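Enquirer: Here are the chains, one letter per residue:
There are 2 protein chains.
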Amino acid sequence: MVDILHKVGIKSSSPNDAYKALTTREGLSAWWTIDTRGDSKVGGVLLFRFGDGGFDMKVLEFQPAKRVLWQVLDGPQEWIGTKISFDLKQEGDWTIVLFKHHGWKEPVEFMYHCSTKWAVFLLSLKSLLETGKGAPWPNEFKLDGWEEAAPRASTTAAA
Amino acid sequence: MVDILHKVGIKSSSPNDAYKALTTREGLSAWWTIDTRGDSKVGGVLLFRFGDGGFDMKVLEFQPAKRVLWQVLDGPQEWIGTKISFDLKQEGDWTIVLFKHHGWKEPVEFMYHCSTKWAVFLLSLKSLLETGKGAPWPNEFKLDGWEEAAPRASTTAAA
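From first to last, the protein sequence lines are chains A and B. Read in numbering that gives the first Met the number 0, the first sequence has 56 at position 57, and its numbers run on one by one without any break. Read in numbering that gives the first Met the number 0, the second sequence has 55 at position 56, and its numbers run on one by one without any break.
Please keep in mind that the hints were generated in silico from the structure rather than gathered at the bench. Don't take every hint at face value.
Same chains, same names: a pair is fine if it fits in one copy or spans any two.
[What the hints assert, rightly or not] With a cut-off of at most 25 angstroms between alpha-carbon atoms, the simulated PhoX-like pairs for lysine-lysine come out as follows:
hint, residue 1, residue 2
1, K99, K82
2, K141, K88
3, K99, K141
4, K99, K88
5, K132, K104
These figures come from a predicted structure and were not determined experimentally.
So here's chain A without its partners, still in its complex pose:
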């Protein structure tokens, strides 16, 4: 089992504002993908779409201003069953987001890609909370040819 870990600090925000950006469709669609659907409550399923592909996430845990935990129900094969958590805390002027995407079976090349891509989206979350403007899909920073041709998630269909 290998994990993707990230940390960003958000200036002059609050764990509560970060929590809102992670638990409301409006918030999620402002930093991850504009095409965010579904039911953002414990036991509910959120649908994140990136053109042809995407992820279905079951909400496992919501602790206001503290923690969010999802589990991947559907999406690229490598993601299914993995869990994604966001832990929030305040440190001085900074709201800290500790991100973990855990339960990957193997460190395949797609995992390398997803790790860097999560960083890109977490910087979008940071920007949203600091400036009011994130860069959700389809306007996020592109990393490589996989994304130029089509969202990588769509290759699941070929798997």
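With chain A fixed as given, assemble chain B onto it according to the hints.
Expert: Frame of chain A; chain B shown alone:
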């Protein structure tokens, strides 16, 4: 043991150009830190400085246009003994960089920070090779309060 993994694609570059950016002081100082010193050859030691702190890396492996491997001799305690590799390949119009920082003993919070920070610097490498301009320290994108006060590496002194 836990690893930090990343992948970036660089458009209209070549594995050879990426290799130069990873193996010459001129290249390294244009995307990682402007204060890069030492001897960039197998068996040599490179000194990367970020103000008060930094990393000393022994060069373990150079495979032209293919692979670079360093081992950390000195720096923050958590880094000592870890290894950092860059694997290069061409895929169509894209030069692919697969990055691995391996040998972390524990997934401490500093590892979360370093993971995201490596993404920031790899995006700087991508920018350098695509546009001629990277964002090395001290002009890199800042992630959190650790960096605002002083480079995190300097806290080693307190460890």
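Enquirer: Determine for every hint whether it applies to the structure shown.
Expert: Do the hints match the structure? See the list:
1. Taking identical chains as interchangeable, the C-alpha atoms of K99 and K82 lie at most 25 angstroms apart whether they share a chain (8 angstroms) or sit on different chains (22 angstroms).
2. Taking the shortest alpha-carbon separations for K141 and K88, only the inter-copy value of 18 angstroms comes in at or below 25 angstroms, while the best intra-copy value is 29 angstroms.
3. For a Cα distance limit of 25 angstroms, the shortest separation of K99 from K141 qualifies both inside one copy, at 21 angstroms, and across copies, at 20 angstroms.
4. Only within a single protomer do K99 and K88 lie at most 25 angstroms apart by alpha-carbon distance; the minimum there is 15 angstroms, versus 28 angstroms between protomers.
5. Proximity of K132 to K104 under the C-alpha cut-off of 25 angstroms is found in neither arrangement, the shortest distances being 35 angstroms within a copy and 37 angstroms between copies.
The earlier numbered hint that this structure contradicts is number 5, and it is the only one.
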